[in-house]
Each structure stands twice: as structure tokens, then as C-alpha cells.
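**Student:** If you want the building blocks of each chain, they are given just below.
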Amino acid sequence: MSEAARNEWPLWEVFVRSKAGLDHKHCGSLHAADAAMAIQLAREVYTRRQEGSSVWVVRSDQIVASDPADKDMYFDPMEDKVYRHPTFYQLPAEVDHM
Amino acid sequence: MYTQAMDVGPKDEAKAVQTLQEQELQRRFDERIDAGDFIEAKDWMPDHYRKTLVRQISQHAHSEIVGMLPEGNWISRAPTLKRKAILLAKVQDEGGHGLYLYAAAETLGVSRDQLLDALHTGRAKYSSIFNYPTLTWADVGVIGWLVDGAAIMNQVPICRCSYAPYARAMVRICKEESFHQRQGYEALLTMMKHGTEAQRAMVQDAVNRWWWPSLMMFGPPDSESVHSAQSMRWGIKRVSNDELRQKFVDATVPQAELLGVTLPDPELKWNEACGHYDFGAIDWSEFWRVVNGHGPCNKERLAARVKAWDDGAWVREAALAHARKQQAKTMKEAA
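Protein chains in written order, with the numbering used here: chain A, 27 to 124; chain B, 245 to 579.
Isolated chain B (complex conformation) (with noise of 0.2 Å):
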């Protein structure tokens, strides 16, 4: 799961002089693009290009690691043994997930350590769906079939991105994916149609909250989006954030129709001219807020992710030593 925007975050520019030599290699890349040629990690590429994929696939990467917390919350709570499983193995998933990310990112020349001190310094964002809190257990049903079905909607087109090992990465992480939504959906369906009164009202509920977050997944209009434009030159995104954010919108308005739930839009309607559905205006200074450090759950989420990490400093060192002494043992007895 993730998505959103990652590639919310500083505009950088390219760097405008350039030798002759860099402009010949810059023209065989450029070529190698158009071709629809893919890009692996030891050919030449354009710092920008470098800089960019690095920013988006460890902010990726960091949205699956952060997005573990929301869900975690449920795992000793769920409601049957068969639940608790499902979920284990998905939270699992989102683990695997943002370990194939960061592996990607490690082939563009950065340490697994610089990307993670990123992020817990602050200076990286995640996907801000993750900012808001898992109230009931109607949220993770919700979180699969709604959070879930938005990230594979803005997955499924990175699985064709210029760049190799990300391409690859995606491919991976879809296949997996449509377990994470169909899981969710099952699991508001059971309450829905087996449930009591209160339990079809947590659904409606966790829905109410969840819908508009969900729609922001997909990242700021894409009059507004800053990175948009270069992305798609390069092949590193390849569907707008509007197209996409419209796709999710029409799939998913007749799954809530057959799950009895409404959605929380009183100008969600069909639009016969264009063959969509129209929705109501994004509020996005809530967006920004969120992305901007001020979401219910920023600082606990954050928070949580240093702590594992600093907790966890000591068996990291503990095996790295471990490893050192067995290796010298064996050097030994070799001698």
C-alpha cells in the first residue's frame, strides 16, 4: 500500500550547464526514453533523474514501513483468529514491501542508513494517509478496500517506469496488492451483511473519514503538481494524478453501491456526457496540512518508527559483531 504524491516535496532544478560530453550522454538517454528503453542502475542518467527517483521511491518505501503502524494497531484486537492471520500476513506484506523500495533506491548510490535518517529526521515525507488513526475495526476493512484500492490504482502504472529495478520492484508489490483490497472488502461485506446495526454504522463511519484522505492519495490537481511534468518526460510516472484520482472514483462508486454503504459526497453523481463520475471539491489545505507535520497521528507515527529503530540499535550491532567474530574464528582455523 502508499501512494499519494510521492513526489510531494522541494522543486529541484536541473543543472543548466552542461559539458559536451555530459550533453552527448544526456542525448543518448534522452533517445533511450522515447525508445521506451528501460534504465538500469549502472547506465549514465541525469543527476535530476537520480535525484528525482531517489526522493520517490525512498518516500514509497518509507509510506509502506509507516503505513504498518495504522493497521499493526489491530493485530492483537481483531475479532476472529481467521482475521488476526489475514492481517498479520498483510501488515507482513507492507514490511516486504518497503524492503524491495529501499533496495531500489540503495542501486541509485544511496545507504539504506541515509534513507531512513531522512525520514526520521523529518526531512522525508510518506504517503499522509498514514497521519490519520485506526478507530475501529471497520477502519482496517476500509484501509484495504478504499487506501489499498487507491495505491494499486497509482501502483499499477509505476510497474512500467523507465526505471528497471523500480519497474521491477512495482511488479512485485502488485501481484501482492490485490490481496490487501480484496481481504478489506470481504471484510466490510461480512459486516454488512451478517452484522448488527452498530456494526454496519462502524462501517459507514470509518468510510465517512477514510473517503476524502483517499482521494488526496492521489496527490495535489494536476494544475498544481510540481513535479508532474518532468516525471512524465521521463517515464518515471505515466498517468496523471487527476486521470487516476477519476479511475478510483468510478470503480469504486458501484462497489459502495453493492456494499450498502454511502459515500460521503453530496455531489457524487453520474455524469452521462462524460461516462464519469462528478465528485465535490478536494479540500486541500487539509492536504497540505497533514503533509505538513499537522495530522492526528504525524508525531505518534514518527515517533514510533525512531524508537523501533533506536530500540532496535542494539541487535543490530549485537549480529554485526557476531558475524565479525565468527568470520575471524574461521580465518583462524583456516590459518
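For reference, chain A alone in the conformation it holds in the complex (with noise of 0.2 Å):
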């Protein structure tokens, strides 16, 4: 790592509950000292108009995602199995509502 690189604040994602009942959606990241910080700069970046009641943050490099190289091998296997899904099933009419 780079002197640079360790001087510079820590990058956290951020994560808003738009309402009660509602999930926590990733809506975009900031660079913060520490989580409390980073709370609390999240609410003023990304609630100005009150587009939360309860906010996420962690730490960018403590996610772990999928390689977008291998989409095809993960996602592609599950396109063939289309008995999944509700609508395979071709029921008579007076169950269709089922």
C-alpha cells in the first residue's frame, strides 16, 4: 500500500432503509476516519430529504462479491430450469388462481 493510499480515509458502502418494512438498498459510497463517522456523514450525503429511517455502512474492502468473469458459469445454469417457476404449471380454471 502507498503512503498516499494509507493516509486517505477508509472507503465504506452505504446501505438506506428507504422506510419501516422496507430493505436496506445500497445507494453509494463515501470515505470516512471511522464507522461512527462514516454514520454520521452517510446521513448528511445521502438523506437530505429524508430518503431514509435507517442507515448501513461497512467497510468497502470487507465485501466479498462474485467474479463478473465467471457470470455465465454462476447465473447461466439456472435459466433451464424454468419448473421454478409458478407459471410451468398449466392448472385447470377453476384452480388457476392457485
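Source of the hints: derived by calculation from the structure; they are not laboratory data.
Careful: at least some of the hints might be erroneous.
Said to hold, decoys possible - Below, a list of computed lysine-lysine pairs in the DSSO-like style, where the Cα atoms sit at most 27 Å apart: (1) Lys-491(B) / Lys-419(B); (2) Lys-45(A) / Lys-419(B); (3) Lys-419(B) / Lys-326(B); (4) Lys-97(A) / Lys-286(B); (5) Lys-513(B) / Lys-437(B); (6) Lys-97(A) / Lys-107(A); (7) Lys-437(B) / Lys-328(B); (8) Lys-51(A) / Lys-419(B); (9) Lys-573(B) / Lys-97(A); (10) Lys-437(B) / Lys-326(B); (11) Lys-551(B) / Lys-328(B); (12) Lys-419(B) / Lys-328(B); (13) Lys-513(B) / Lys-491(B); (14) Lys-51(A) / Lys-286(B).
Claimed, not checked - Covered by chain B, per the in silico footprint, the following chain A stretches (three or more residues, Cβ under 8 Å): (15) 33-39; (16) 54-61.
As the list claims (entries may be wrong) - Some chain A residues well away from chain B (every beta-carbon gap over 10 Å; in silico): (17) Lys-45; (18) Val-121; (19) Met-124.
Only a predicted model underlies this, so the values are computations on that prediction, with no experimental measurement involved.
By construction, the Cβ of each residue, glycine as well, lies at the ideal position given by its N, Cα and C atoms.
Take the two lone chains and join them into the complex the hints point to.
**Tutor:** Encoded structure:
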């Protein structure tokens, strides 16, 4: 890690719950020295118009993600499994709302 | 707010020689662009695409941040408490917009400090409109109406940019931007309809000074725009400079009439045949003079940014030192 990178405040990912009952949604990132500051800045940067009722922050370097190069290998096998969807099954009209 | 030819800068060429594997990746990338797919941060992309985006997004971010200065100048002198609260909220938004955009640029593998260093050492540009001074309170209204109006015209198409993190930042920005233009126009309406003769003259004077620089915000004419063709091909840019400029003029003329001000262009008139307003020639020598550092406030704006960065160094260092100390303490207690 270079000298400059070590002097930069770490990067955090911000997740906001727009209102009770909904899930937290990723909305962006920001730099902050620690967790308390990240939460405070998240409020200033991402909820200036009451966009949220709850905020999560997590260090960006703590997120583990799937590799975009593996996208086909990972997700395409589900393409031919149409029987996992309710619309795959043709039922008599009498029970069609099942 | 921002805009103008964020793609103003040296023309860099795509690397000519590619390996077979690179050619295949390039082919798949082009296919995705043609299909209107979004490109995400971790996806493969040509170096030239990455470089173009870093330049455009970071210069866009710098513009938001430098854009806080001309208006910030009036926060302590706003005529009423209401106008002061509005202006504070608007300038805070500009700071937020800068942050969304820096974060988008950072997804491309550059650090925030590198981006700021490019601004502070003069290697990166920002929208030249912010190198003009805000002489009176009417300037604040005119910036909202014309400068933010031009910015909205420019920014709405970027919401469909092929680079997804940039597009997402733009969606958020555009949602907030409309308040900026409306508050400016309303402030001017108040001065024109309920103000004194001197206040109306003040509005007209501000319009006279900001009209041409606002038109320049859309960047050089299409025939001279060095990055346009490539950016269009990549879906970074969706609408041409001249097309956006025309759209802005067409939207603004009726607003000026309603306001009761004259736009300072004797050649401005409705062209029935093509369904647009014709307007006079833009002085591009002024545009290039300001872009290249010789506008009325270039030195002052950059000096203000560098001073803020330098003066804040101890705060950044202290916060980091505190965080490390707390962390060490927690680890010691846990052990």
C-alpha cells in the first residue's frame, strides 16, 4: 500500500432503508475515518431529503463479491430450470388462482 | 450543477496493438455497448474507455465542488433568512453531487487523493462557468435559472450513460437539480415582479453577463469537439453539444419573456421554418481563454480549493489517528 493510500480515509459502502418495512438498499459510498463518522456522513450525503429511516455502513474492503468473469458459469445454469417458476404449471381454470 | 465539455482535454489515442485475447474481450465489450447493456465497475473494459470516464467523471466532480464557491460567496449576504436557508441547502447539494461523482470515479481504480491532486495542480479541468464572479444577489438567481438549467439539459442524457456507477450517480443528481433551477427562477421573479427599478436592472445586468457563458457550458461546436465521436460510440455521451445547446435556447427564451428580461443577443429570433430559435455566434476565443486559465476568477477559485485542502490536513490526520488509536484500544481489550 502506498503512503498516499494509507493516509486516505477508508472507503465505506452505504445502505439505506427508505422506510420501515422495506429492505436496506445500496445507495453509494463515502470516505470516513471510522464507523461513527461513516454513519454521520452517510446521513449528510445520502438522506438530505428524508430518503431514509435507517442507515448501514460497511467497509468496502470487507465486501466479498462474485467475479463478473464467472457470471455465465454462475448464473446461466438457472436459465433452463423453468419448472422453478409457478407459471410452468398449467392447471384447470377452476384452480387457476392457486 | 456542472457541465460543459467535461470531455475538454488532450485527445488520447486508443492503444493500437492488441493481443488476440484482448481483441476477443474488446469484441464482447462492443457487443454489450451496442446492445445497450450497462458496464459495471468490475467488468472488463478497454483502457481508453476507462481513461475517458476517469477524466469526464472527475472533472464533473471537480465542477460540483468548485461550483460551491461562487454561490457560497452569497450565503452570509442573502437578503432574507428564507433565501439563506435555500442557498445553504443548494450549496450543500453541490457538495453532495461532487461526492457521488468522486465515488463513481473511484470505482475505476483511481484514488480520491489522486483526483484531488490533479485538480489542485491544474492538470484536471472543471466547468469554466465557475471562473466568472458573482457580483450581485441577482447573480445567485441567474445561476440557478441559467447555469443549473444548462446543467440539467446536459446531465439528463448522462443518466443513460453506459457506465453504470456514473449513470446511477447522475440519476440521483438530476432528481435534486430541479429544485436548484426553480429556486433561482423564483428568486428572479420576486425581484422582477415585486422589486424596485434598481433591482430589476440588477437582474437584467446579471442575465447580460451569464447568458453567453451559459451557452458555452455545452462545450465546443460538434465540428470541433475532439472526444465527441468516440464518447458517442461508447454510450458515454448520448446527445451532441450543439443539439443540447439548441434545446436550452428553445426552452429559455419563453422563460426570459415571462420574467421580463432581454437576452443579450440581437440575432436571437424564432425560425418558423425549422421550429427553433436562431441565435448569434458564440465567442469561442473567450471560452478557450477561460478554459486555459485566463478567466476572471480562475486563480482565485483554485487557490480557495487548495487552501481548504491544506488547511484541513490536520483534521484529516487527527481523525485517522483517533480511529487507529480507538481500534488499537478495542483490540487490546479483546485480547
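**Student:** All hints are to be evaluated individually against the structure, with a verdict given for each.
**Tutor:** Quick rundown of the hints versus the structure:
1. Lys-491(B) / Lys-419(B): Within the cut-off at roughly 20 Å; holds.
2. Lys-45(A) / Lys-419(B): Measuring from Cα to Cα gives roughly 19 Å; hence the hint holds.
3. Lys-419(B) / Lys-326(B): The given pair, whose Cα atoms are some 22 Å apart, holds under the 27 Å limit.
4. Lys-97(A) / Lys-286(B): Holds, at about 11 Å.
5. Lys-513(B) / Lys-437(B): Holds - the C-alpha atoms of Lys-437(B) and Lys-513(B) are around 25 Å apart, at most 27 Å.
6. Lys-97(A) / Lys-107(A): Given pair Lys-97(A), Lys-107(A) holds - Cα atoms ~17 Å apart, limit 27 Å.
7. Lys-437(B) / Lys-328(B): With a Cα-Cα distance of about 20 Å, the restraint between Lys-437(B) and Lys-328(B) holds, given a limit of 27 Å.
8. Lys-51(A) / Lys-419(B): Answer holds: Lys-51(A) to Lys-419(B) is near 18 Å, not above 27 Å.
9. Lys-573(B) / Lys-97(A): At roughly 42 Å apart (the allowed maximum being 27 Å), Lys-97(A) and Lys-573(B) break the hint.
10. Lys-437(B) / Lys-326(B): holds, 18 Å
11. Lys-551(B) / Lys-328(B): Judged against 27 Å, a Cα distance of about 25 Å means the pair holds.
12. Lys-419(B) / Lys-328(B): Roughly 22 Å between the alpha carbons, so the hint for Lys-419(B) and Lys-328(B) holds.
13. Lys-513(B) / Lys-491(B): holds, 14 Å
14. Lys-51(A) / Lys-286(B): holds, 20 Å
15. 33-39: holds (count 4)
16. 54-61: Check passed, 6 qualifying residues.
17. Lys-45: Lys-45(A) is indeed farther than 10 Å from all Cβ atoms of chain B, at 17 Å.
18. Val-121: holds, 40 Å
19. Met-124: holds, 37 Å
Comparing the model with each earlier hint shows a violation of hint 9 alone; every other hint is respected.
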